[in-house]
Amino acid sequence: MGVQIMQARASRREFVSRLLKEIPDALVVTGLGSASYDVFAAGDREGNFYLWGAMGGAAALGLGLALAQPERSVVVITGDGEQLMGIGTLATIGAKQPKNLSIVVLDNGHFGETGMQRSHSSLGTDLVAVARGFGIGNAQAVADLTDADVIARQIRERSGVAFIQVYIEADEPARALPPRDGPYVKNRFRSALGLKPF
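For what it's worth, the working numbering labels the leading residue of the sequence shown as 352, then goes sequentially.
The set of hints was computed from the structure by calculation and includes no laboratory data.
Where a beta carbon is used, it is the ideal one built from N, C-alpha and C, also for glycine.
Treat the hints with caution; some may be incorrect.
Quick list of in silico lysine to aspartate or glutamate cross-link-like pairs, DMTMM-like style, CA-CA up to 25 Å [claimed, not checked]:
1. K450 x D498
2. K372 x D495
3. K447 x D477
Pair by pair, the computed Cβ-Cβ distance ranges are [what the hints assert, rightly or not]:
4. N538 x A480: 21 to 29 Å
5. N489 x F549: 30 to 38 Å
6. P375 x A419: 15 to 23 Å
7. Q491 x P548: 36 to 44 Å
8. L528 x Q448: 20 to 28 Å
Build the full structure now, drawing on both the sequences and the hints.
Right under this line is the structure:
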């Protein structure tokens, strides 16, 4: 039985904007490329940690942050290609079960940063089934803007690790580039956590 791809697809930029509006206090880690552009376009803030050139590392960074900051909601917003690159991290997340971590995968079925080649999620890989197989019981696929409100409520409740695959349109909105200065992003984020820069 092959993966069932939802026909309906949300506007990725509108979905991200709506989600982030409802979780202003969440710590947000972005995957590289489009996810970073969308989070930045929704409004830059100290609690955003933008990854540049660290493909596959977003969920791992989010996991470490969630374990270190258990009283804060931690949200990883990434793409299907980036999550596929770091798929093994879901096994560790499933084993650790941080109640305050949510992984939001914006899935257009393509590797957007390398030329829009089809990704595995459009070739039969069921990311929700993979997440569940790794022990993440709250794994679901959505495709409507109103789903952002439900997801935001779950994030605020911090009642268990969640994996959300958001089927989005395979379009390319104008790029909104967040800061590319790594030390600046790191130290600003540390400040949001009440930590001193180093």
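Here's how the hints hold up against the structure:
{"no.": "1", "hint": "K450 x D498", "result": "20 Å, holds"}
{"no.": "2", "hint": "K372 x D495", "result": "16 Å, holds"}
{"no.": "3", "hint": "K447 x D477", "result": "22 Å, holds"}
{"no.": "4", "hint": "N538 x A480: 21 to 29 Å", "result": "40 Å, violated"}
{"no.": "5", "hint": "N489 x F549: 30 to 38 Å", "result": "35 Å, holds"}
{"no.": "6", "hint": "P375 x A419: 15 to 23 Å", "result": "21 Å, holds"}
{"no.": "7", "hint": "Q491 x P548: 36 to 44 Å", "result": "38 Å, holds"}
{"no.": "8", "hint": "L528 x Q448: 20 to 28 Å", "result": "35 Å, violated"}
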